[in-house]
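> All chains should be modelled from the sequences, with the hints used to inform the complete structure.
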Amino acid sequence: KISIRIRPPCGAPRRVAQPAAAAAMGSPTVRVSVYPKNAVPADPSVSGPLSTNEAAAALLGALRAPFRVQWEVALQGGGTASLAADLVEGATAWPPRKVLLSVSPHDVGGGETNEQVWLSMPTSMSAEQLECVISAGRNSVVADAPSERQACGLVANAVSSASPPKNRRLEAPTDFGADLVEVDAHRSVLQPRCLQQWHSDVCGHHALFNVSCLLRGCAADLFDEECFWRVTLGNIAALVRCGEGTGRWERSRVTCGIADEAHLRELVFADPALRDHVSIVSAREVWTRQLRTEQSPIRGALDAVRLRKKQAHGFILGATAHWYAAVVYAASDDGTPPRILICDSKNAPLAGRLSSEAEAARAAEERVEASRPLCFEALRRLPDWVHRPEALVHEAVEEGVAEWWKGIHKSNMFWQYQPLSVKRALKHSEYLDVFTYLQDIAVLVGIPQVEQQSDL
1 KISIRIRPPC GAPRRVAQPA AAAAMGSPTV RVSVYPKNAV PADPSVSGPL
51 STNEAAAALL GALRAPFRVQ WEVALQGGGT ASLAADLVEG ATAWPPRKVL
101 LSVSPHDVGG GETNEQVWLS MPTSMSAEQL ECVISAGRNS VVADAPSERQ
151 ACGLVANAVS SASPPKNRRL EAPTDFGADL VEVDAHRSVL QPRCLQQWHS
201 DVCGHHALFN VSCLLRGCAA DLFDEECFWR VTLGNIAALV RCGEGTGRWE
251 RSRVTCGIAD EAHLRELVFA DPALRDHVSI VSAREVWTRQ LRTEQSPIRG
301 ALDAVRLRKK QAHGFILGAT AHWYAAVVYA ASDDGTPPRI LICDSKNAPL
351 AGRLSSEAEA ARAAEERVEA SRPLCFEALR RLPDWVHRPE ALVHEAVEEG
401 VAEWWKGIHK SNMFWQYQPL SVKRALKHSE YLDVFTYLQD IAVLVGIPQV
451 EQQSDL
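Each residue of the sequence shown is one higher than the last, beginning at 1 in the working numbering.
Possibly wrong hints are sitting among the right ones.
[What the hints assert, rightly or not] Calculated lysine to aspartate or glutamate pairs in the EDC-like style (CA-CA distance at most 20 Å, straight line):
1) 346 x 128
2) 309 x 276
3) 309 x 334
4) 310 x 440
Source of the hints: derived by calculation from the structure; they are not laboratory data.
Given below as structure tokens:
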């Protein structure tokens with residue numbers, strides 16, 4: 001048996017953060033647990049006090065074994081919240097980049113029960129951001145559903161309203177005021193400002209939330225952060241249940257925060273307000289192939305908007321490594337032409353800057369160059385880079401920081417700190433995707449100002 005004790009380091013230099021950290025570790029309100037990440041069966045031949053040889057082997061084995069540390073607090077009104085981090089051999093920084101948040105269920109009354117929610121969180125988050133997610137997690141109710149597909153649906157009543165009444169015409173919102181990031185009058189494209197994404201992995205959930213708000217006529221909810229996290233955590237819990245019930249994906253595939261095409265399709269299909277009103281396109285090649293087939297669902301949806309048989313249709317559009325939300329609205333009775341609304345969870349100005357392939361390349365170059373100082377500062381915060389000469393840090397910003405996996409050199413596309421040339425190529429591809437989507441939508445719904453340059 002090896003006993004483990006956790007306490008703040010003795011003689012630590014006095015820093016502003018040190019008293020708070022020490023108080024947290026020693027506070028009776030925070031429960032700290034340490035346990036092996038992978039259970040190892042006990043050796044029945046070893047019992048009682050150990051010989052020095054056995055002690056050395058046991059201590060080194062424990063030192064090199066992966067452990068999980070969990071901090072847990074009780075919440076007022078019931079339930080708990082916890083963060084968990086893995087301690088593994090070879091770790092170079094503490095805290096790690098990601099920790100696992102868990103918010104336990106509590107009784108909400110009315111016959112409903114909370115689903116326990118999990119989400120991998122960046123340790124760079126602020127206390128305010130974590131508080132918002134915990135608060136949303138406590139209120140993220142997923143009602144029991146009679147079928148697995150229904151269990152994958154959006155949280156009931158999480159967004160302000162369900163689908164609009166059939167006798168109400170759904171028109172493009174016009175009261176954004178200063179909350180418009182950019183406008184392209186030539187193509188009737190408006191880019192409303194939406195909730196800013198700070199969690200790097202949840203762009204798919206942002207796109208789903210944004211298209212849902214617009215199609216439900218609830219543009220004001222685009223800024224409601226707790227509403228977003230309540231919906232997202234409920235969706236993740238539902239996807240966990242769906243994956244475990246069907247064997248289609250493991251829990252970690254969705255608790256990381258990433259929503260891929262399969263997950264988004266499940267969520268859209270299970271929500272009556274979105275089913276048949278939202279199309280998901282994973283890549284520009286898929287989009288182009290569908291548009292060249294008149295009987296394809298996407299071509300049919302755009303034709304229905306052009307002919308005013310449909311008031312609006314939403315799209316969740318995959319652009320290289322990012323998801324965008326777009327909604328196209330039919331022409332109104334007063335002669336206003338069709339309108340396109342596009343939301344980017346990063347709120348980068350795009351609507352008026354992606355009017356051509358050349359403009360897309362120029363915008364990508366500007367974004368990549370703007371990332372230089374941010375990448376430099378991020379490297380400087382790493383323990384291995386604090387004391388390196390500035391010239392080496394600037395070189396790493398330009399060339400990237402190479403990574404290996406089990407002796408194999410990883411592709412630079414998957415490095416945490418990519419070469420600027422890779423960032424440039426990816427961003428150019430992403431913006432070219434967005435330009436293609438907007439241009440084709442404008443052509444096919446009949447926005448009169450757009451010249452017919454497409455062969456669609």
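> Of the numbered hints stated previously, which ones are contradicted by the structure, given in increasing order?
none
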